[in-house]
Amino acid sequence: MIHIKELHKSFGKNKVLSGIDLDIETNGIFAVLGPNGSGKTTLIKSILGMVLPQKGTITVNGAPIKKNWKYREQIDYLPQIANFPGNLKVRELIRMIKDLRRKPSEEQRLITLFQLEPFMDKRLSTLSGGTKQKVNIVLTFMFDCPLIVLDEPTTGLDPASLIHLKGLIREEKEKGKTILITSHIMQFVAEVANTIVYILEGKIYFKGSIPELKEQTRQNDLEHAIAAIANAKNHA
Amino acid sequence: MLKILKYSFFDLIRSRWSYVYFLFYLLLGFVLLFLNNDVSKAVITLMNIIIVLVPLIGTIFGVMYYYNSKEFTELLLAQPIRRTSIFLGQYFGVAGSLTMSLVLGLGIPFVMYGLFKSDAIFDFSLLLVTGAFLTLIFTALSFNIALSNENKIKGFGYAVLLWLFLAVIYDGLFLMSLIIFKEYPLDTFSLAATMINPIDLSRILILLELDISALLGYTGAVFKKFFGTQTGLIISIVMLVIWTAIPLWWLTYKAKRKDF
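Protein chains in written order, with this note's numbering: chain F, 1 to 236; chain A, 1 to 260.
Just to be clear, a hint being listed does not mean it is correct.
[What the hints assert, rightly or not] Using C-beta positions, here's what the derived DEER-type ranges look like:
hint	chain 1	residue 1	chain 2	residue 2	range
1	A	150	F	215	37 to 45 Å
2	A	24	F	108	37 to 45 Å
3	F	21	A	257	21 to 29 Å
Think of the hints as simulated: they come from the structure by calculation, not from any bench. Note that beta-carbon positions come from the ideal geometry of N, C-alpha and C, so glycine has one too.
All chains should be built: construct the whole structure from the sequences, respecting the hints.
Put into structure tokens, the structure is as follows:
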């Protein structure tokens, strides 16, 4: 699916990614973790072609992504901050994204699931943060793409919606899709992820399953294991 | 690109500010016509307002729209769309809706007053064409400024400074250099100096068409002597097109190389 080779990116003097090598071949859920500012979002945005790396190559489904935009037809992306043109109504926004992608979509089921019907004719500027995030989720999951990228999907969601979101993620996984998630909520990661990719100081520090991580750090739960990696690096 | 344009345009024509802008021109048109009682005179007054106001509004709207739609732009960037289509679509959405406010806002009162029966119809259309060009030019410049400045306050500051420079300070500097170097032949200099400021260029374009020698001023006179009215018109329109094309080309160049 995704092959990343020797990826380097710095913003001015600030080196964010320094030689990332990552191969994501199989289906399943990959959690990209790391402390704040470790380069998770930069990595994800590089895959989407929003950030242009200085060095290195990325291929998605065999196609190099440089100067290419067609490959994004294969990707559903949920951005971190959900902010939309304020004058548009929710219904119009959904119609617009559908119009842009021209693919079959199943937004109606998701709208019912997240109980968004009363908001369909409201302008986006009047919605609360959590409701915007739900709209964001609908926009992401309504298409059927083999690769799904979720940047902090849990932000602002109430417990009921969080359960629905987890359900959706599991459903997509069962369809044999590859899902990349970043999150700081370890409980959520532990529940959904198969593989942990831990980024520290711009490099892949650990890649493996949750049991492997716990074994390596000799911790019983994921949260402590993750904290242990960060600490081990500090002491070294 | 057309889809992005369509949605940006519809988003904007429903915003309150587009209506305020439209109503302002509507009111201005009616007031001027009923005070002047003459289409030609109203066109001259309008020119003085349009030449300063249109660039200002284009600049401010451009910067504002770019910063306000930043997150949405990011959403679009993750969709299977070419980068240049996104930015050009948004640009033409802003410039298009501003131009529409201008054309309809001024057009309605003039048509109601009997524009089609008067002989000022060509002058008036030229005024609107110039207004449209100024909108295109200054929206493109402001998009460029916003694209290269992450900091909103800085972006706003630079954009307003650019407007202030081209609309006010430039003329002052120009006039001062004419006084200081009055011993020398200044024809070529003043021609060039006019060409590189789209606001001055538009003013001369309209004045050439209106043929009011009293208002032409020094540069206008040189311009007229040099090119004659017909050639002068064509050259100034070509310059306005170049003024639109260069910032637009630079916008796409920058947009392709930016990180979001």
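Hints, verified against the model:
1. 150/A x 215/F: 37 to 45 Å: holds (43 Å)
2. 24/A x 108/F: 37 to 45 Å: At 43 Å between Cβs, range holds.
3. 21/F x 257/A: 21 to 29 Å: The hinted range 21 to 29 Å holds for residue 21/F and residue 257/A, with Cβ atoms some 25 Å apart.
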